[in-house]
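Asks: Work out the full structure, taking the sequences as your base and the hints as a guide.
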Amino acid sequence: MLKPGSLKSSIPQNPPSRKRYGNPRSRTPYKPPMDLSITEVGESFNSENTKTQQAFVCEICIELKAAASDWFRIKNCSHAYCRDCMVSYVASKLEENITSIRCPDPDCTSGLLDPEHCRSILPREVFERWGVALCEAVVPASQKVYCPYKDCSAMLIINDDGKKGMIVRQSDCPHCRKLFCAQCKVPWHVGFECAKFQKLNKVEKERENMLRNLAKKEQWRRCPNCRFYVERSRGCNIIQCRCKTKFCYECGELYINCKCKIDCFVCLLGCCGLIVVVNFVVVIVMLWRAVAEP
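Numbers 1 to 294, taken from full-length UniProt numbering, label the letters of the sequence shown in order.
For the record, the hints were derived by calculation from the structure and aren't laboratory data.
No experiment lies behind these values; they were computed from the predicted model shown.
Hints may be right or wrong, so weigh each one.
[Unchecked claim] Okay, derived cross-link-like pairs now, DSSO-like style, lysine-lysine, Cα gap no bigger than 30 Å in a straight line:
1. K75 x K150
2. K217 x K178
3. K199 x K246
4. K185 x K217
5. K244 x K199
6. K178 x K199
7. K178 x K75
8. K259 x K217
9. K244 x K259
10. K185 x K150
11. K216 x K259
12. K244 x K196
[Stated by the list, open to error] Derived CB-CB ranges, DEER-like:
13. C194 x E128: 31 to 41 Å
14. R169 x G131: 43 to 53 Å
15. G131 x R212: 33 to 43 Å
16. S120 x I256: 49 to 59 Å
17. L112 x E250: 13 to 23 Å
18. S120 x V57: 38 to 48 Å
19. E250 x K144: 13 to 23 Å
20. V57 x R177: 29 to 39 Å
21. E218 x G131: 14 to 24 Å
Positions of the beta carbon are idealized from the N, C-alpha and C atoms, including for glycine.
Replies: Structure follows, in structure tokens:
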């Protein structure tokens, strides 16, 4: 059984390069503004307690900052940087899957950034992404798997219900509702055992992908029970597979779970929704023609 987690990134795109943070070659020692001592640790310098408006140069962007509201001090050290650079710095670390974020100064060993202390300057999406990353970091690698579909990539937690050694294979992602193999970490390889699928060479795997693309192009549906590809020849959307499973051709859900039901008179007579099960030989021929065409 899988429990959903979320990996959808919402942090700013194209974070600045790490080489910009800190200046290890600088011969001039870092000197924080004199008024840093009257501002609470982890707060931006827009507090009412800030009594001066001393300008300073941010060691990251090397720009002069005149407004006190632009400053942000690192917890447990005396370093301060501008708010914009700190937001970009945190975002870039999260992109690198780093959750324990230290002071940008490479020589600083005491400065540590904490989500709660940085909350006042971070955009909501960056703060939430940090929280999600911290939660994911505590889950052992053996208990988590990611949805292999590029438009999802959600993190899922494997729950063996106390049955040690149990291998989870066919899984249904609760986010995108698509089937995948948790063992092989690929979209579900219907008709193949995991060991056999992993032995497939590159050409055979490409044929599997071609079959999926062909099914998508021809608008075939897979029976939610036996997973065979089917094609509707005529009739309404409610069809019955050869395994006697009724499902909706429009959404692919079981008939009893379908929210787009449209019953028709012929359905009531039990002779609507005739389907044609796609013959595997026909599929191979179509794939061969697709490969042979220049």
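Asks: Look at each hint and say if it fits the structure.
Replies: We went through each hint and held it up to the structure:
no.	hint	result
1	K75 x K150	violated, 38 Å
2	K217 x K178	holds, 18 Å
3	K199 x K246	violated, 35 Å
4	K185 x K217	holds, 24 Å
5	K244 x K199	violated, 33 Å
6	K178 x K199	holds, 24 Å
7	K178 x K75	violated, 44 Å
8	K259 x K217	holds, 24 Å
9	K244 x K259	holds, 20 Å
10	K185 x K150	holds, 12 Å
11	K216 x K259	holds, 22 Å
12	K244 x K196	holds, 29 Å
13	C194 x E128: 31 to 41 Å	holds, 35 Å
14	R169 x G131: 43 to 53 Å	violated, 31 Å
15	G131 x R212: 33 to 43 Å	holds, 36 Å
16	S120 x I256: 49 to 59 Å	holds, 50 Å
17	L112 x E250: 13 to 23 Å	violated, 53 Å
18	S120 x V57: 38 to 48 Å	violated, 22 Å
19	E250 x K144: 13 to 23 Å	violated, 34 Å
20	V57 x R177: 29 to 39 Å	violated, 53 Å
21	E218 x G131: 14 to 24 Å	violated, 44 Å
Violated hints, listed in ascending order, are 1, 3, 5, 7, 14, 17, 18, 19, 20 and 21; each of the other numbered hints is respected by the structure.
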